[in-house]
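**Q** The task is simple: from the sequences and hints, build the whole structure.
2 protein chains.
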Amino acid sequence: MRQSTLFGRTLRDAPADAQTPGHKLMLRAAIARPLAAGIYTWLPIGFRVAKKVEQIIREEMNGIGAQEMELPVITPAEYWKETGRWDTLEPVAFRIKDHSGHDFMVSYTHEELVMHHGRSELLSYRQLPVAVYHFQSKGRDEARPRAGLLRVREFVMKDGYSFDADLAGLDKTYWAHHGAYARAFARMGLDALSVESDTGNMGGDVAHEFQVLTDVGEDRIVLCPGCRYSANMEKAVRRAAAGAASTAPAMEPVSTPGASSIEDLVRTLGIEAGGLLKTMLIRAAGGEVVAVVLPGDRELNEAKLRKLVGGGELAFANEADFAKVRGIAGFVGPVGLGARIVVDVSVAERGYVAGANRKDTHTRNVVPGRDFAGERADVHDVKPGDECPSCGKPLEIRRGVEVGNIFKFGPYYADKMGATFLAEDGTRKPFMFASYGIGVSRAVQTIIETNFDDAGIVWPAAVAPFDVHVVAMPVKDAEVRTAAETLVADLEGRGVEVLYDDRDESAGVKFADADLIGCPLRVTVSKRNVGAGKVEVRRRKSGEVLMLDAAAAAAELALLAKPS
Amino acid sequence: MRQSTLFGRTLRDAPADAQTPGHKLMLRAAIARPLAAGIYTWLPIGFRVAKKVEQIIREEMNGIGAQEMELPVITPAEYWKETGRWDTLEPVAFRIKDHSGHDFMVSYTHEELVMHHGRSELLSYRQLPVAVYHFQSKGRDEARPRAGLLRVREFVMKDGYSFDADLAGLDKTYWAHHGAYARAFARMGLDALSVESDTGNMGGDVAHEFQVLTDVGEDRIVLCPGCRYSANMEKAVRRAAAGAASTAPAMEPVSTPGASSIEDLVRTLGIEAGGLLKTMLIRAAGGEVVAVVLPGDRELNEAKLRKLVGGGELAFANEADFAKVRGIAGFVGPVGLGARIVVDVSVAERGYVAGANRKDTHTRNVVPGRDFAGERADVHDVKPGDECPSCGKPLEIRRGVEVGNIFKFGPYYADKMGATFLAEDGTRKPFMFASYGIGVSRAVQTIIETNFDDAGIVWPAAVAPFDVHVVAMPVKDAEVRTAAETLVADLEGRGVEVLYDDRDESAGVKFADADLIGCPLRVTVSKRNVGAGKVEVRRRKSGEVLMLDAAAAAAELALLAKPS
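These protein sequence lines are chains A and B, in that order.
Going by the numbering used here, the first residue of the first sequence is number 1, and it counts up by one from there.
Going by the numbering used here, the first residue of the second sequence is number 1, and it counts up by one from there.
It should be emphasised that the hints constitute simulated quantities derived from the structure, not laboratory data.
For clarity, every value in this text was computed on a predicted model and none was experimentally measured.
Worth double-checking, as some hints may not be accurate.
[Said to hold, decoys possible] Distance condition first, Cα-Cα at most 20 Å in a straight line; then the derived DMTMM-like pairs of lysine to aspartate or glutamate:
#, chain 1, residue 1, chain 2, residue 2
1, A, 51, B, 68
2, B, 97, A, 87
3, A, 97, B, 90
4, B, 97, A, 142
[Said to hold, decoys possible] Some, not all, of what chain B presents toward chain A, calculated at C-beta under 10 Å:
#, residue
5, 1
6, 70
7, 72
Beta carbons are placed, not taken as given, at the ideal position from N, Cα and C, and that holds for glycine.
**A** Listed below in C-alpha cells is the structure:
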C-alpha cells in the first residue's frame with residue numbers, strides 16, 4: 001500500500017485528552033478515530049491489525065470445532081424479556097423503537113438470540129455438543145468510555161456459545177474454549193492470565209477472565225506468587241484466621257463528638273482501625289436497605305454484595321432510607337438497626353467499637369452474635385499481604401485489562417427460555433450452555449499498551465499491519481523510486497505485506513512515521529544504498545541494522561518477515 | 001464440517017409465508033433464519049456463502065486500489081444533520097437516544113461519516129485520489145420487508161467511497177468502480193446489468209444500478225433490445241413524437257354523471273384513453289399541492305415527480321387540499337385549478353377531455369397552453385413498445401433485483417459539509433465524491449433465485465458453501481465410515497472444503513439434503529462402492545455421474561472442485 005494516499009494521517013502529537021500510552025499511540029499512528037464518545041472508526045492501518053487479531057481467534061475457534069455464523073445487531077426485545085435482561089441491561093442498552101412501535105436493542109451480547117436458535121435447530125442429543133461463534137458489533141452505553149479503545153460504546157466482539165447435553169460435556173467444552181483463548185492471546189502477543197471472575201449481569205456461577213497485567217488496567221487482580229491462584233478482586237477470597245471467642249465485657253456508650261469517620265475515631269479513641277466496625281447503609285436495586293458490617297480496616301466489595309442481594313445497581317442509602325432504618329449518618333452501627341444486616345466474614349467474634357445510631361456517640365465492646373445478629377457473607381476486598389486461600393502465601397494485587405471472558409452457565413439460560421432437547425434416555429433436558437467473549441478493539445489497544453517504546457508502537461509480528469515498511473528517499477530520484485518499487489512488487493509477489501512510503505517528505509519525517517507505525521522491519525532504499533547495490537533493513541524492536549544485497553533482498557526479507 | 005452437528009437443520013417444507021423460490025430454498029437449506037420481520041441470522045452454511053461473496057467483492061475492490069476500513073454502526077446525529085439527512089431519512093431510520101440524551105442512528109449508509117473523516121485526514125491534492133470501503137451492518141426500517149433476504153431491515157453492505165480532486169478524476173474513479181462491480185457480480189454467478197438509475201435520497205445526479213433480471217424483482221427495468229440503452233423505470237425516458245399544433249374548437253362542457261374514472265369516460269364518451277387528460281392532485285413532502293396532468297393512457301412516475309418537487313415522500317391530496325385548490329374529486333381538471341400545475345411531456349398541443357372541477361362534468365377541447373398553463377416535465381412511466389430514446393426501437397420492460405448501485409455525487413456532499421482540500425493551484429477545493437454499495441444478503445438470495453432446480457439450490461462453484469458434499473452410508477458400517485473419513489481428511493488436506501454427512505439417516509434423506517444444500521459435487525461412499533474400491537461423484541448441476549478409483553479420488557476431486 002502506498003503511504004502517499006493512505007487514508008488516515010499520522011499525528012505528531014496526541015490530543016490532550018488521550019489518557020494512556022496506547023490511547024496516544026493509537027491516535028497518533030492512525031489506528032482509529034473517534035466519531036463520538038466511545039465510538040470509533042478503524043482507519044485502514046488499524047483495520048488490518050483488527051483483522052489479524054480476528055483471524056487468529058477464528059483459527060483457534062475453528063481448531064476446537066466451533067462453527068462461524070452471524071447474528072444481527074438489531075435484536076428484538078422479546079428474546080431479552082424471556083430472561084429478564086431487557087430490564088436489567090437497560091442502564092447500558094442502546095434501545096430502539098421501530099416505526100411500528102416494536103422494541104429492539106443494539107446487541108449487548110447474544111446469549112438469548114443464540115439460545116433461541118438452539119431451541120429451534122437442535123432437536124436431539126445426537127446434534128450435541130455444538131459450539132458456534134460470530135464476530136459482531138455490540139453496543140453498550142457505558143457512562144464513562146475510557147482511554148480510547150479500552151472502554152468503548154461500540155465494538156466488535158467475538159462471542160461464542162456452546163450447547164452440551166450434560167455437565168460433564170459442558171466442562172470439557174468450557175476448558176476447550178479456555179485453551180483456545182489462551183492460545184489466541186499468546187499468538188497475538190498478549191500475556192493474558194486466566195483468573196476467576198464474577199459473572200456480573202451474565203448469570204450463571206463459574207467464569208474466568210483473561211487479564212493482561214498493566215498499570216493502565218481498570219480491574220484489580222489478586223495473585224498468589226506462590227501457587228497458581230488468581231482472581232478478579234470482584235471474586236477473590238483470602239484465607240482468614242479463626243478468631244478466638246470473645247471475652248469482652250458488656251457494651252457501653254462512648255461520646256465521640258464530630259468523629260464520624262474511621263480516621264477520626266482512630267485518632268480520637270487511639271485504637272487500630274481493625275478494632276472498629278464500619279456499618280454502611282446500601283440501597284439495593286429493588287429499594288431494600290442493607291447494612292453491611294465490616295472491620296474498619298476492610299473495604300466493601302461491591303460485586304460480592306451485588307451478587308448477594310440478587311444483582312442490579314447498588315447505591316448509598318439516602319436520607320429517607322436512614323430515617324426508615326433509624327440510622328444516624330456518621331454514627332450508624334448494627335445494634336438496634338432496622339435493616340437487613342450483612343456481617344462480613346472478616347468480622348471476628350470479639351469486641352468492637354461501633355456506631356450507636358445516636359449523634360456523636362459510639363458503643364464499645366460490641367460483639368457480633370452476642371449483641372447483634374446478621375447473615376454472614378464474604379463482602380470485603382482482599383488486601384495485599386492477605387493469605388492466599390489456596391496455599392496461604394501473601395497475595396499481591398495488580399492492575400489488569402480484561403481481554404476475554406468465559407462463562408459457564410449450565411442450565412441457566414435454557415431454563416429461563418424453555419430450551420430443551422431430546423436426551424438419549426428419551427426425556428427432554430435443558431441445554432448446558434456457556435458463552436465466550438473477546439473484544440477485538442480492546443485487544444488491539446492492549447497489544448499497543450504492552451508493546452511500545454518512546455518512538456512508537458512495536459507490533460508483534462503476527463498482528464503487525466504490514467510486515468515491512470519500505471522507505472524510499474528521495475522519491476524524486478527516478479533510480480531510487482524504481483529500485484523501491486521493484487522491491488515492493490517483488491515482496492508483494494512473495495506474499496509479504498508492504499507499506500511503501502512514497503511520500504516526498506524528509507528522512508526525519510519518514511523515519512519517525514515508520515517508528516510510530518511500528519512495522520517489524522523497516523527497509524530503506526536511499527540514493528547511497530542503490531548506488532552500492534544494497535538495502536538497509538532495521539528491526540523495529542531491537543534497532544538491529546542489516547545491510548542486504550539488493551538482488552537478494554526480497555527473498556531474505558520474506559524469510560525475516562515470515563519465519564516458518 | 002460434520003453434518004451431524006451442523007448448527008441449522010434443513011426443512012422438508014418451507015414456511016407458508018415464504019414468497020419466492022429463493023426465499024423458500026434459503027429457509028429450507030438453513031442459509032438464514034429470521035429473528036424479526038426483515039432481521040436475519042446467517043446460519044453456518046449461509047455464513048460461508050456470504051463470506052465468499054464478500055471475499056470476491058474485497059478482491060475486486062482491492063484490485064482497483066481501494067482501502068478497507070471499518071466505520072461504526074451507531075452513528076451520531078450531528079453528521080447527518082450537516083446534510084439534512086437526519087430529517088429526510090427519519091421514515092426509514094432506526095434512531096437511538098443514549099442515556100445522556102444524544103441522538104444516533106443505526107447507520108443507513110456512511111456518506112456523511114466518511115466525508116467527515118476525509119475532511120480531517122485528507123489535507124492536500126497529493127493524497128488524492130483515494131477510495132475506501134467497508135463491510136458493515138446497515139439498518140433501514142422498511143415498512144414492508146419482503147421475500148426473505150431480498151428486502152430486509154438489517155443487512156451487511158459493502159459500501160465504498162471515493163475522493164477525487166476534480167471531475168475528470170471522479171469520472172475515472174467512478175468507472176473503475178463500475179468495472180470492479182461488473183467483475184464481482186460475474187464472479188459470484190450473477191448476470192447483472194448496469195442500468196441508469198435515480199439517485200433517490202442519496203443526492204447527486206448520476207447513478208447506476210446493477211440489476212439482475214428475474215420475475216421476483218421489485219424494480220421495473222426498461223431495456224432496448226436494439227442498442228445498449230437500459231434504465232430503471234424511475235429514470236427511464238422514451239423518444240416522443242412531436243405532435244401537430246392544435247386546431248381544436250373552443251372548450252365546451254359535457255355532462256358526465258358518475259363518470260369519475262378513465263375507464264368510465266372511455267365507455268361513456270366512446271373515446272380512447274389517450275384523448276383524456278388525467279389530473280392527479282399530489283401532496284409533496286413540504287405540504288405543497290401539485291396537480292400532475294398526464295394523458296389518460298399514461299401512468300405517473302413517482303420517482304420523477306419526487307425529484308421535481310425536491311425529494312421527500314409523496315401522498316395523494318386529502319379533502320382539505322381538494323377544497324383549497326377548488327378541485328372536485330373525480331372531476332379534477334387543469335383549467336382554473338388553484339395549484340402548481342405540472343404537465344407531463346406526453347401531453348400534446350391538442351384538444352383533450354378533462355375534468356371541469358364541477359361535479360359530474362368534464363370539458364371537451366381543452367388545449368394545453370391555450371386553455372391552461374403549467375410547467376412541462378417528464379413525469380410518466382415508459383410503457384412496453386415505447387421508442388428507445390437512443391435508437392428508436394421498441395422498448396421492453398422486465399423485473400429486476402437491484403444488487404448494487406453506484407452514485408456520482410460530484411461536490412454535493414463536500415459542499416454541504418464544508419469539506420475541502422488544498423488544491424495544486426493553492427486554492428481550497430471541495431472533494432469530488434462518489435459512493436458504491438452492494439448488499440451482501442440480497443446478493444446471496446439473488447444467486448439462489450437464479451440458480452436452483454426442483455430439488456434445491458445449485459450453487460455456482462465460486463460461492464458454494466462447500467466444494468464437496470461427502471455422503472457416507474451406512475455410517476454404522478465401520479469400513480464405510482473409515483473410507484469416508486479418510487477421504488474427507490485427504491480432501492481437506494488439499495484445501496477442498498467438505499461437508500461430511502455422517503448422520504445415521506436413510507439414503508433418501510441424505511441425497512435430498514445434498515440436492516437441497518446444492519454443493520457442486522456430491523461424493524457417495526457406500527458399502528458397495530467401498531467393496532469395489534470406488535467412489536461415486538455426481539455433479540449437482542448436470543446430474544452427471546462419475547466413478548472414481550478410491551485411491552485417486554481425493555486428487556481428482558480437488559481438480560474438479562478447483563479447476564485452475
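**Q** Can you list which hints this structure breaks, lowest number first?
**A** No numbers; nothing is violated.
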